[in-house]
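Given the structure of chain F, go ahead and fit chains Y, E and W onto it with the hints provided.
There are 4 protein chains.
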Amino acid sequence: MATTAPRPADTTSHGYISDKDRYLTRLRRIEGQARGIHRMIDEDTYCIDILTQISAITSALNKVALGLVDDHLNHCVSRAINDGDTHEAEAKIKEASAAIARLVRS
Amino acid sequence: MATTAPRPADTTSHGYISDKDRYLTRLRRIEGQARGIHRMIDEDTYCIDILTQISAITSALNKVALGLVDDHLNHCVSRAINDGDTHEAEAKIKEASAAIARLVRS
Amino acid sequence: MATTAPRPADTTSHGYISDKDRYLTRLRRIEGQARGIHRMIDEDTYCIDILTQISAITSALNKVALGLVDDHLNHCVSRAINDGDTHEAEAKIKEASAAIARLVRS
Amino acid sequence: MATTAPRPADTTSHGYISDKDRYLTRLRRIEGQARGIHRMIDEDTYCIDILTQISAITSALNKVALGLVDDHLNHCVSRAINDGDTHEAEAKIKEASAAIARLVRS
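Residue numbers (the working numbering), protein chains in the order written: chain F, 493 to 598; chain Y, 493 to 598; chain E, 493 to 598; chain W, 493 to 598.
Don't read these hints as lab results, they were simulated from the structure. Heads up, some of the hints might be wrong.
What the hints assert, rightly or not - Label pairs and their in silico Cβ distance ranges: (1) E/Ala583 / W/Lys512: 42 to 48 Å; (2) F/Ala590 / Y/Glu535: 58 to 64 Å; (3) W/Ala583 / Y/Leu516: 28 to 34 Å; (4) E/Arg514 / F/Asp513: 40 to 46 Å; (5) Y/Lys586 / E/Asp534: 24 to 30 Å; (6) W/Asp577 / F/Thr517: 35 to 41 Å; (7) F/Ala590 / E/Asn574: 19 to 25 Å; (8) W/Arg514 / F/Thr517: 43 to 49 Å; (9) F/Asp575 / W/Ser551: 52 to 58 Å; (10) F/Asp513 / Y/Ser551: 25 to 31 Å; (11) F/Asp513 / W/Arg521: 44 to 50 Å.
As the list claims (entries may be wrong) - Derived BS3-like pairs: lysine-lysine, alpha-carbon spacing no greater than 27 Å straight-line: (12) W/Lys512 / Y/Lys586; (13) E/Lys512 / F/Lys586; (14) E/Lys555 / F/Lys555; (15) Y/Lys586 / W/Lys586; (16) W/Lys555 / Y/Lys586; (17) F/Lys555 / F/Lys586; (18) F/Lys512 / E/Lys586; (19) E/Lys586 / E/Lys512; (20) F/Lys512 / F/Lys586; (21) W/Lys512 / W/Lys555.
Claimed, not checked - Examples of chain F residues lying across from chain E (beta carbon under 8 Å, computed): (22) Leu558; (23) Ser570; (24) Ile585; (25) Ile592.
C-beta: ideal position from N, C-alpha, C; glycine also.
Bound conformation, chain F alone (with noise of 0.2 Å):
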């Protein structure tokens, strides 16, 4: 895992919280996509299958992701405007910007 030492969770602020059961069924799946991507290797499969599962991973990611960012953006962004805490929202931005700089790189 990359080493980002992972802030104590305020859960109150996390937009996704409201939705985390289903966050936690399609990681679940993403869990098991990548199963069958060791097992499709493990079975000598040929490799352009293996690639058509990697894509469906890879997208299935970035729905997860940018369901995040919407709800970062919606909740933990909103919450610190709106409690005018101009430095704290500026840093949630900024937080938010590089995050998504990062998707759009990976």
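Below, chains Y, E and W alone, put in the same frame as chain F:
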């Protein structure tokens, strides 16, 4: 899993076979990363930290995919061309181009 | 050009206005890069060298886009939230998320 | 422009030559799109509408790039393999894989 019926594996022709253990290790790590993201969501981790991990796993998947494309070109495509089987070679290249397009757009 | 009817420009609210000259300079450079690729094709340049230039111009476009997203969040979205206009703020965030999704998939 | 010294063009071997007019037309259109985005910024157009156009031009560039990759595989790579020049073929494939990696990450 996307529902493409994997073709019967003619194991001798797959380029990645010689590198299979390395691919299996990377897929196990990717599976672990997916499990890690599931756990982060389950533990209400801050969304930006989850997004960082999603970009890390997407990059890892891209590396696997790019390796498979290179192996496919060096083995499956080269073999078909060397065998003088123009039809088969064109089919292999067409498959490679379609897989590359999916990668660029996923 | 994609046929989205540009909304009437309320210039005061666009985040990028304060950085307009820099954006205009970058777009002129991108236009020059496109012209350069046209010339490479016209002069029968080796395909791999053309592909290198296409990746360079795509990266330049991504940088402009990520800048505009950041400006949009810092200005258009923040302004709507600060104005207490929840409906407008949600609309601005929805637009931002859709634009980010297009970027990730283009 | 990225500073790669274009190789002397051996025009007969480039796959795209037979499709040159179509590529030139698409590049002229892309150049026009870049000019259009410059004008949108100059006219203080709403940022989201500019982002829509940037995604459109990035997609157009990707299509050109994917076409060039396919042409490169079908002509430059196939020719080198057909000529029995293993070293040249491996070099052409290596170049293709590097170009594909840049595309996936740009």
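Hint check:
no.	hint	result
1	E/Ala583 / W/Lys512: 42 to 48 Å	holds, 45 Å
2	F/Ala590 / Y/Glu535: 58 to 64 Å	violated, 22 Å
3	W/Ala583 / Y/Leu516: 28 to 34 Å	holds, 29 Å
4	E/Arg514 / F/Asp513: 40 to 46 Å	holds, 44 Å
5	Y/Lys586 / E/Asp534: 24 to 30 Å	holds, 28 Å
6	W/Asp577 / F/Thr517: 35 to 41 Å	violated, 52 Å
7	F/Ala590 / E/Asn574: 19 to 25 Å	holds, 23 Å
8	W/Arg514 / F/Thr517: 43 to 49 Å	holds, 45 Å
9	F/Asp575 / W/Ser551: 52 to 58 Å	violated, 39 Å
10	F/Asp513 / Y/Ser551: 25 to 31 Å	holds, 28 Å
11	F/Asp513 / W/Arg521: 44 to 50 Å	holds, 46 Å
12	W/Lys512 / Y/Lys586	holds, 20 Å
13	E/Lys512 / F/Lys586	holds, 20 Å
14	E/Lys555 / F/Lys555	holds, 22 Å
15	Y/Lys586 / W/Lys586	holds, 18 Å
16	W/Lys555 / Y/Lys586	holds, 15 Å
17	F/Lys555 / F/Lys586	holds, 21 Å
18	F/Lys512 / E/Lys586	holds, 20 Å
19	E/Lys586 / E/Lys512	holds, 24 Å
20	F/Lys512 / F/Lys586	holds, 24 Å
21	W/Lys512 / W/Lys555	holds, 14 Å
22	Leu558	holds, 5 Å
23	Ser570	holds, 6 Å
24	Ile585	holds, 5 Å
25	Ile592	holds, 5 Å
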